[in-house]
Structure formats: structure tokens, C-alpha cells
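There are 2 protein chains.
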Amino acid sequence: MKNFPGTPGTLLGLALRMSQFIFAAGSIAAMATTPSFFNFTAFCYLIASMGLQFIWSFVLASMDAYALARNKVLHNPVLVSLLVVGDWVTAILSLAAASSSAGITVLYFHDLGHCQFREECQKYQISVALAYLGWIPISISSLIMLWLLAAG
Amino acid sequence: MKNFPGTPGTLLGLALRMSQFIFAAGSIAAMATTPSFFNFTAFCYLIASMGLQFIWSFVLASMDAYALARNKVLHNPVLVSLLVVGDWVTAILSLAAASSSAGITVLYFHDLGHCQFREECQKYQISVALAYLGWIPISISSLIMLWLLAAG
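The listed protein sequences derive, respectively, from chains A and B.
Going by the UniProt record's numbering, the letters in the first sequence line up with residues 1 to 152, in that order.
Going by the UniProt record's numbering, the letters in the second sequence line up with residues 1 to 152, in that order.
The following block holds chain A by itself, in its conformation from the complex (with noise of 0.2 Å):
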């Protein structure tokens, strides 16, 4: 296996998780504030697909953290092949559920003229940017496991 900037246990591979579950958090928090999310089946994927990447992207970042403070190296075989897969179906996950949501918002604010929920709107299009900007990170680092796995 090879060590470059963004494999576990590396600073950039912090900050990628980092970034990961700090975007997840943010649109969850935008979303589940408004009080008619619940009335669309892609808003609530939306904010089930952050969830699962907040809590995998926390965890991936605590145990990078604890490598990094103990000068570990996490290039276990085992341990990168269970990465490529939850990474993978994390991000596909979430770009779906960004995408649909897009989707949605688009029908509301361009196809029909207007949205008609007030101040929800531009929450809704918040959680949808922060949900794809979560995303970049993730699709990052989905790409650098894969390579690792491939490369190893």
C-alpha cells in the first residue's frame, strides 16, 4: 500500500472527513428546520442520506484523528476494502439524494415561477448546496480508497 496525502491517517484525510460530516450536518440542520420537509419524500431521503454520511464521516474522522496522534499507519488491507465499500455507497447515496432534492427545488423556483412556502424556500435550497458540496469531499476520498485498494 501506498502513503500520499488523503489515504487514513493522513492530515488531508482528516480535513476530507471533516468537511464531510461538517457539510451533512449543515443541511441536515437546514432541511429539518423548515416545518413542511416531511410533506416531500425527497427531502426526507435527503436528510436520511446526510445522516448516514454525518455518522460515517464522524467516525472515519475520529479514528484518523486517533492515528494521527499516535503516528499509526491504517493500511490494513481488510480495513481499506470496508472504506472503498462505504465510501461508495455513501456518496452514491448522497448525490442521489442531492440530485432529487435539486430536482425539486428547481420544479419550485424556475418550472413553476414561484415557491410558494416563503422563507422554507431558501432553507431548502441551502440544505440542497450543502448537500453537494458534502459530496465533493466524499467522491474525493471514495476515489483515493479505491486507488489505495487498487494500487496496494
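Worth flagging that the hints you see were computed from the coordinates, not collected in a lab.
The hints are all genuine.
Just so you have them, the derived chain B footprint on chain A, three or more residues with Cβ under 8 Å:
#1 36-42
#2 83-97
Looking from chain B toward chain A, a few residues come up when the C-beta cut is under 8 Å (computed):
#3 F40
#4 A42
#5 S100
#6 L146
#7 A151
A few chain A residues that face chain B, going by a derived Cβ cut-off under 7 Å, partial list only:
#8 S100
#9 A102
#10 G103
#11 I104
#12 V106
#13 L107
#14 H110
#15 D111
#16 W147
#17 A150
#18 A151
Glycine included, every Cβ here is placed at the ideal spot set by N, Cα and C.
For chain A, the structure is supplied; the task is to place chain B on it using the hints.
Showing chain B alone in chain A's frame:
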């Protein structure tokens, strides 16, 4: 570079490419024959994305068929790098397009209780289902290409 099933110029590679462009063509056909798809940004985006997937996969299927007929091995590193980038971009756009259209389809069928566009509704559902089915082989191709690049 390793030679395993699914890489360019193999029978499985050709089968994957063919299923990609067949599903993309089916999805476009189902969506473009509805008279009101242009009112929905997400549905227009689905057609654009499936169009890209159709062209991309059709060109690569022709290349695979040529390589199979002439018994050539297409493992040029520059070609594989190009295929990795193209496959990933196409796969991500297809998943995003399928999910945003699925979000709107679920909104009309489930959240709003009924779909007021009569027989078009079924076509929307078929188009989204075919887009997801087309995403499966292109994501498999993407993984195989990245693996080939990393292992090469």
C-alpha cells in the same frame, strides 16, 4: 496493464457498452415522446444526459467491436486515462439526471397523491427506470477503467 473481462476490447466490455446505449436510447425515447417534458428542467436535463451517454457508449461499443474483430488489445495508457475521465463524468451526470427526474416523479405520484398528466406519467416512470438501469453498466465500466488505470 492487466487483461480481465470488462476491459476495452473484450466481449464483456462490449456487452456493457451496448447495454449502456440501449438503455439510454430507451430512456430518451420514452421521455421525448411525452408532449410536456420541456416544462420540467429535470426532464430536459435527463434527455441531455442520456444523449451524452448514448453518444459516448455508442462510440466506445464500435471501438470494442472493431478491436474484437481485429483481435487488438486496447490498453494504451493514454486511451485508458481518457476513458476513465469520460466514463466518470458520464456516470455522475447520468445518476444526477436520473435522481432529479425520480425526485419529481415521486413528488407527483406519491407526495401529491396523483399525476395529472394521464398516460404521460407512465412514460416518465419508464424513462427514469431505464436511466437507472443504464447507470448500472456505466458505473461498472467506470470502476473497471479506474481499476485498470490504478493496476497498470
